[in-house]
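Participant: Sequence:
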Amino acid sequence: MSNNEIQQEETKAITEKEYNNAPLVVVPELTEDTGLKNMIIDYTGHKLQPEDGKVDINMIAEMLASEFPEFVYAFAEQNFIRGYQLGLEDATTLPTRETEDAESTEE
Numbered sequence: 011m012s013n014n015e016i017q018q019e020e021t022k023a024i025t026e027k028e029y030n031n032a033p034l035v036v037v038p039e040l041t042e043d044t045g046l047k048n049m050i051i052d053y054t055g056h057k058l059q060p061e062d063g064k065v066d067i068n069m070i071a072e073m074l075a076s077e078f079p080e081f082v083y084a085f086a087e088q089n090f091i092r093g094y095q096l097g098l099e100d101a102t103t104l105p106t107r108e109t110e111d112a113e114s115t116e117e
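Under our numbering, the sequence shown has 72 at position 62, and the numbering climbs by one with no breaks.
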C-alpha cells in the first residue's frame, strides 16, 4: 500500500461521537407507532435524559445491557456464533479460491 493510499485511509476515519450521531445510528422519527418501540425509546429517554432529547441506538443498547443483560448476552452470543461459522467457512474456501486463481493464470 502506498503512502497516498494510507493517507486516504486515515482521512476516512471518524470519531465515536460522529459514528453515534450518524443517520443510520440515530433512531428515526417513528413512521409506525409500535408499542414496544415507543416503550423502549421512551424508557431510554426518561432514564438517560439526553440534552438534545434524541435517543440513539447506542443509548438503547446500553440501557438494554444494564436492564436486561440476559437478552443482550443471548443476542451477542448468536452474532458471535454466526461470525465464527463464517470465519470457518472462509478459512476452508478462501485458500481453494486462491489456488484456483493461481492455476488459471499459469495456463
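Treat each hint with caution, since some may be false.
Here are the simulated lysine-lysine pairs, BS3-like style, with alpha carbons at most 27 Å apart [said to hold, decoys possible]:
(1) 27 with 57
(2) 64 with 47
(3) 47 with 57
(4) 27 with 64
(5) 47 with 27
Derived DEER-like restraints, expressed as beta-carbon distance ranges [as the list claims (entries may be wrong)]:
(6) 91 with 50: 23 to 33 Å
(7) 101 with 59: 39 to 49 Å
(8) 103 with 53: 19 to 29 Å
Hints listed in this document are in silico derivations from the structure and should not be mistaken for laboratory results.
Nothing here was measured: the structure is a model prediction, and the numbers come from that model.
Ideal Cβ positions, reconstructed from N, Cα and C, are used throughout, including at glycine.
Participant: For each hint, tell me whether it holds in the structure or not.
Facilitator: Taking the hints in turn, this is what the structure says about them:
Note on residue 27 and residue 57: the hinted pairing holds, with a Cα-Cα distance of about 20 Å set against a maximum of 27 Å. Using a Cα cut-off of 27 Å, the hinted pair residue 64 and residue 47 holds, with the two alpha carbons roughly 14 Å apart. Among the hinted pairs, residue 47 with residue 57 is consistent with the structure: their alpha-carbon atoms are about 15 Å apart, no more than 27 Å. Of the supplied pair hints, the one linking residue 27 and residue 64 holds, its CA atoms being roughly 14 Å apart against a limit of 27 Å.
Taking the CA atoms of residue 47 and residue 27, the gap is about 24 Å. The hint holds against a cut of 27 Å. Between residue 91 and residue 50 the beta carbon distance is about 25 Å. The supplied range of 23 to 33 Å therefore holds. A C-beta distance of roughly 47 Å is found between residue 101 and residue 59, which places it inside the suggested range of 39 to 49 Å. As the Cβ distance of residue 103 to residue 53 is approximately 44 Å, the hint placing it in 19 to 29 Å is violated.
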